Amino acid sequence: MRAVITVIGHDTVGIIAKTSAVLSRHNVNILDITQSVLGDIFAMVMFADISACSVPFRDLQNELEALGTEIGVQISAVHEEIFNAMHTV
Amino acid sequence: MINTGDILETIKMIREEHLDIRTITMGISLRDCAAEDMNRLCTRIYDKITKTAEHLVRTGEDIERDFGIPIINKRISVTPIAIVADACGARDYTPIAQTLDRAAAVTGVNFIGGFSALVHKGFTPGDRALIDSIPEALASTERVCSSVNVATTKAGINMDAVALMGGVIKKAAYLTRDRDSIGPAKLVVFANVPEDNPFMAGAFHGVGEPDCAINVGVSGPGVVRSAIARAGDCSLAELSEIIKRTAFKITRVGQLVANEASARLGVPFGIVDLSLAPTPEVGDSVAHILEEMGLACCGGPGTTAALAMLNDAVKKGGVMASSQVGGLSGAFIPVSEDAGMIDAVRAGVLHLDKLEAMTAVCSVGLDMIAIPGDTSEETICAIIADEISIGVANNKTTACRLIPAYGCKVGDEVEFGGLLGSAPVMEVGRTSPARFIARGGRIPAPIHSLRN
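Chains E and F, in that order, are what the protein sequence lines are. Heads up, the first sequence is in numbering that gives the first Met the number 0, so the first residue is 0 and it goes up one at a time. Heads up, the second sequence is in numbering that gives the first Met the number 0, so the first residue is 0 and it goes up one at a time.
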């Protein structure tokens, strides 16, 4: 099962490193990362395989959100299906 | 793989444009609960609802979290109580409404619909008992919603039922006068009522439905408005395409949520209702869509045309996104629940007559409209008859949810709170329809009902 993790906010040092560290700690494999910086707004989209995640998805979401609050960006993790449903026929 | 732009668009829709699933409604049949004794009937109803819907709210919350999409309401609809209770012989059905209220509280849903009767051709004793019990039932419960279907295109209009509803609505308003007459805000009078509608206050679980079903109502006026704003000065045909594409995306999320809820609860999927349902929140208004389309104010000239196009495009876009479409499916125009409608009434631009015209081209009807508390019963009946006629003649659903706010005059405001919003009291015609209403009987079905 795949999740999409998005990070949106002001660009600062270490956003990707800190997010990846949380994923790595819970055995979540990153499949793809794209990022763009428009002015000082940072937007990163990460596809990750959560099938072998060592904690319930809810806990992973909470931890990522807490990290977002700590470093001043919005981080959300959701199942990939919502994007497939909305953007593919 | 989905591209980044699409992902960020979805996130923007949810975070900034109020995209949400308006309701997951579990329809539950109570036909197996009939009993000759009122206490036994109430016990069976309570047990069936609380057992069947035990996991509804938690499942809704789990889906919300997993997919990052807010699901605003989790609700229950049940078989029309007049059918379930006919055998018990009681004259007062208020205890059943109170049972539904307790079952709703225990399961955690915010509304339960189905304190209802289908009387488009006539009354059974149970139908009469239910209608007579509505005012007290609504006054003594918080979550129970009621509806009465008084007409269909096939059967015509039961004007005896219409003639009763004016009194029922006024009594419901009087009994809840200490709460801004909120009683009739939970009561809908219908023509051609759908049996799988997930939206309140008119939801019930129809007699042709399975034992249990999951119906989902989508929303998203803010998303449609933003898409129109981004399009700039394009033609109406181009605008229609933009609305269709947006409605497709919104509805696909509804279908996803419906499939998930159905699978996780082990309950068959019923329908997705393709509706644009506003809320009183800023940025979630159908009136503001019409204004973004180019009207200076909702209610002015051009409103009916703009609404007709919007309604049509929403359905065309949504229908391909869902495997089963049903319910009301169309743009809603509840005055008290739409910030733009409220402003248009306050500005003196939107009147009852224009609202009536608008209901000919969208769902559902004269919805959440506060009228002066001293409006006569006959006048309320006649407003209902007018609105119901539009539905019968046009082979569509129409409805009335009128609130004669006790002690209030034109220009006063009533406050219902939450999703029900607040309503400026609107002016109604003052000439008397009393002789017309007193005639009673049935208005025959229109000639185009003979389609076989």
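It should be emphasised that the hints constitute simulated quantities derived from the structure, not laboratory data. Computed from a predicted model, the values in this text were never measured in an experiment. For each residue, glycine too, the CB sits at the ideal point set by N, CA and C. Take the hints with a grain of salt, since some may be wrong.
Stated by the list, open to error - To give a feel for the contact side, a few chain F residues facing chain E, derived at Cβ under 10 Å:
no., residue
1, L7
2, A104
3, V105
4, V252
5, V318
6, Q323
To be verified - Across the chosen pairs, the derived CB separations fall in these ranges:
no., chain 1, residue 1, chain 2, residue 2, range
7, E, D10, F, E240, 35 to 41 Å
8, F, G207, E, N61, 40 to 46 Å
9, E, A20, F, E412, 35 to 41 Å
10, E, N26, F, A262, 55 to 61 Å
So, going through the hints one by one against the coordinates:
Contact between L7 (chain F) and chain E, as hinted, is supported at the beta carbon level, the nearest pair being about 6 Å apart and thus within 10 Å. The restraint placing A104 (chain F) at the interface with chain E is violated, with a minimum CB-CB distance near 26 Å, outside the 10 Å limit. Against a cut-off of 10 Å between C-beta atoms, the interface hint on V105 (chain F) is violated, since the closest Cβ of chain E lies about 24 Å away. Interface hint at V252 (chain F): satisfied, since its Cβ lies 6 Å from the closest Cβ of chain E, which is below the 10 Å cut-off.
Taken as an interface hint, V318 (chain F) does not check out: its beta carbon lies about 13 Å from the nearest beta carbon of chain E, beyond 10 Å. Given hint, Q323 (chain F) at the interface with chain E, is violated; its Cβ is 16 Å from that chain's nearest Cβ, farther than 10 Å. A hinted range of 35 to 41 Å for the beta carbons of D10 (chain E) and E240 (chain F) is consistent with their spacing of about 36 Å. Judged by the Cβ atoms, the range 40 to 46 Å given for G207 (chain F) and N61 (chain E) holds: they are separated by roughly 44 Å.
The supplied range of 35 to 41 Å is broken by A20 (chain E) and E412 (chain F), whose beta-carbon atoms lie about 54 Å from each other. Distance hint for N26 (chain E) and A262 (chain F): a CB-CB separation of about 26 Å, inconsistent with the stated range 55 to 61 Å.
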